[in-house]
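**Student:** Reading the sequence shown from the start, the letters are residues 3 to 218 in our numbering.
Hints were generated in silico from the structure; no laboratory data involved. Every residue gets a Cβ at the ideal spot worked out from N, C-alpha and C, and that includes glycine. Some clues are possibly wrong.
[Unchecked claim] Pairwise CB distance ranges, derived in the manner of DEER restraints:
(1) MET57 - GLY33: 32 to 38 Å
(2) ALA189 - TRP163: 21 to 27 Å
(3) VAL61 - LEU198: 16 to 22 Å
(4) PHE107 - MET57: 22 to 28 Å
(5) ASP116 - TRP209: 32 to 38 Å
(6) ASP116 - LEU210: 35 to 41 Å
(7) ALA160 - GLY121: 37 to 43 Å
(8) MET190 - TRP163: 22 to 28 Å
(9) ASP183 - ALA5: 21 to 27 Å
(10) ALA30 - ASP148: 35 to 41 Å
(11) ALA149 - LEU109: 35 to 41 Å
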Amino acid sequence: MQAILVGEALGSFLLFACVVGSGVMAQALAGGNVAVALIGNVGAIAALLYVLITMLGPVSGAHFNPAVTMITRLRGEGSWASGLAMMAVQLVAGVAGVWCAHAMFDLPILQFSDHARTGPGQWLGEFIATFGLLLTVLLTGRHRPDAMPGCVALYITAACWFTSSTSFANPTLTFARSLTDTFDGIAMADVPAFILAQLAGALCAHWLDRAMHPAA
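Model the full assembly from the supplied sequences, consistent with the hints where possible.
**Tutor:** Structure follows, in structure tokens:
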């Protein structure tokens, strides 16, 4: 269990630092062009996701996301006690990653976002983003586990562009992004609705996978 927690901590720390740090860098270099900034931000996230899943998948399963951990427990993989420990590690290490990104770019460590992200369209976007991510994880894991790193990285790349919310798709990451008033931030008041939409999307993906594979 220790190796699993270390793997989840390392992956969450690096992933969350990448999300925020690449957002700061992209915004600084894009000259006010939000589309260019998003390309830079998403490209870095997708590249690191591929590396982290390849590197840490054999260690912890490379969840870095409580929605993924929750669904694995609903599928009978591991205990709920170990799942809760993984979620706690994801949160603590992820927030540390956000603070590290602030430190790297000489920004105030402690800050809160005022970037409003709310409304039915954004909530639906988060539902779809997380639904698709969990389907990617479940179905690729079932049929082509060797392709998991590339499939997850490519799905996140696409979802950041085709969903209205730019695909947070991760409850812990959503909370952590409320602690950064940078390109990737979200106002704390908007976090609960995003997380509810994400959990609903994850559960629907779980149920659909079960419907497609009732004997599994």
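**Student:** Tell me, which hint numbers fail for this structure?
**Tutor:** Violated hints: 3, 7, 9; rest satisfied.
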